[in-house]
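Asker: Assemble the complex: chain Y is given as a structure, and chain W must be docked to it using the hints.
Spelled out from the first residue to the last, the chains are:
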Amino acid sequence: MFGFRLAAQRPPAARRIKDDVIMRFDHVYEVDPDLMQTYPQQDIPAWDTARIVDSRWDHLAWMHQHFADRVVSAGELGLPPDYLGDDAGVTPPT
Amino acid sequence: MSAPPISDALYDELVGILGADNVLVDKPARYNRTRVPAPFPVHRWDDHVPDVVVLPTTTDEVVEVVKLANRTRTPIVPRAAGTGLADGAVPLRHGILLDVKRMNRIRDIDMTDRTVTVQPGVNMLKLNEVLQPYGVFYPDNPASYPCSMVGGRIGTSGWSLIGARYGHTKDLVISLEVVLPTGKVIRVGGGAGGKVRKSSTALTLKELFFGHQGTLGIATEAVLELVPRPEAEFAAFFSYSDYDTAYRSCGALSKSGLATLAGVVLFDEWKLDYLRRDDEAYIEQPSDVRCVNAVALYGTDAEVVPAARRVMEIGHDTGGRYLGDEVSQGDWAARHDRYAIPLHGRLRSSGQVVPMSWHCEDAALNYSVLPQVREEWHAIADRYIEGYGIFDDWGMFAYTNGSHAPWGDYLVEIDIGIWEQKLDDENWAAWTRCKTEIAAVALKHGGSITACHGATRAGEVDLVPSELGGAFDVMKDIKRLLDPNNVMNPGKYLFDQAYE
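Same order as they appear, the protein sequences are chains Y and W.
Counted the way the numbering used here counts, the first sequence spans residues 328 to 421.
Counted the way the numbering used here counts, the second sequence spans residues 6 to 505.
No lab work stands behind these hints, which were simulated from the structure alone.
Heads up, the beta-carbon is just placed ideally off N, CA and C, and yes, glycines get one too.
Keep in mind that a hint or two might mislead.
[Unchecked claim] Derived CB-CB ranges, DEER-like: (1) W:P33 - Y:W374: 24 to 34 angstroms; (2) W:R253 - Y:D370: 40 to 50 angstroms; (3) Y:H354 - W:I111: 51 to 61 angstroms; (4) W:S373 - Y:Q336: 51 to 61 angstroms.
Just chain Y, same shape as in the assembly (with noise of 0.2 angstroms):
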């Protein structure tokens, strides 16, 4: 059992990332708080958030994990640039 406080637990002031889109943690997007005024966002503390990125990578990683021994990546296709993307992230060969 563990307590908290959530004003101790404040996000980061918001940046705008789009007309509609704002962003408080790091690739955390977020709808603008104008747009829910209908149905308010919850209060949730930073811990809290944190919790639910990580929980959503190693979502991925184990879905992953759990179809295929390993994912073969675009980058280790030993294809010209141009089939990759101008700017797409492409893991490196390992």
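Answerer: The following block gives chain W in isolation, referenced to the frame of chain Y:
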């Protein structure tokens, strides 16, 4: 506890068969087994609540419950995980709800003949965790993979995300034991319904028990296919600036002839608008990302690596831009579990976020008609969004549909958000009209109302006789023959007509 809505005599007989712990009459047990994730007339919830829930663990118990239902003319509705997107597990006439979740035994893993024998309450994810040390895999992979069950997959004739490579549920279930609506037990499948995949003895009955939505019997055991566990997975997502290019590229990818091809999915412009609004993988994509094709491969390393090269070449040469490993691998992994996503939509009038349930109206359509159906479906959705203010268009996708033959036809879905809290008789009637119109477009273009969910839902079910013609009359004859008292999930699929 409130008084059971069934007679003392029926309750006592059920307890005598199953024991008191497996006969539930409390409200939570019954109300939680009323709806499925498909849109539901929440304003008429009470119309669909079962009178009693039973949880058998053996075939013999199922037989006794079904015989009791026959003798007392009590409706009985089978239910597995209740994750279906048609209404097969939703009671229309109250009665007994037979939940198979406690029939969750893995009976036999046969590594010599490559089968696994299970009860219907086994979940595929949990099954594959058990199978992993054996180096084999049961490749039935719906979007509800972590929560759906083998029995429901049979009753709905489920569709698998990786069906182009491994087949769908009807291909992967080698044989099954079925308790018929009279309580008689039969086995269907190749020959005597054992572990033989192909037989030519007499009539083929197995497929009769796939997709009946609980109207023809209850699957109590199934012999499933085992395939070698994939050594390698490859996923590639390509973006396009217009639909026509994406459509042609989708065709080229699906006709590649690669044996490891598990699926190709085409997301249209409406889907990208939705994803750009609410999906982390797409929010910051540039504006020229208007459509996407997703491709997945599974197999041995020796197969997948060269096939992946070929996929990348086709994607590139047909106008696609690779979206990168993070999007490709992350988004593909997320597709195994679409039921975990919290759902909200936007009101067109204000842009405000409201809770919405996800409804996917599906159809089976040939490749040639995809562009035209897309335009007609979105036009229908647009009219209802404007007219009623409780719907949201979440876009369409087209997913290769054929087992081992992905090139000719597609599972096509339009995803529509519904603000269920606003449902009343008027809005529900509007929604069912919308569904009827969507299904009619599929039929007009030579397709089928549904590729994977089933066509039992209000709205589209009215068009089932139109789609099936004389075959529907034969189906009614079969229903009456197997279920002379109309106790097995009565009211579904217009089968009441069989008793008129």
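Asker: Give a verdict on every hint.
Answerer: The hints, checked one at a time:
| no. | hint | result |
| --- | --- | --- |
| 1 | W:P33 - Y:W374: 24 to 34 angstroms | holds, 32 angstroms |
| 2 | W:R253 - Y:D370: 40 to 50 angstroms | holds, 49 angstroms |
| 3 | Y:H354 - W:I111: 51 to 61 angstroms | violated, 39 angstroms |
| 4 | W:S373 - Y:Q336: 51 to 61 angstroms | holds, 56 angstroms |
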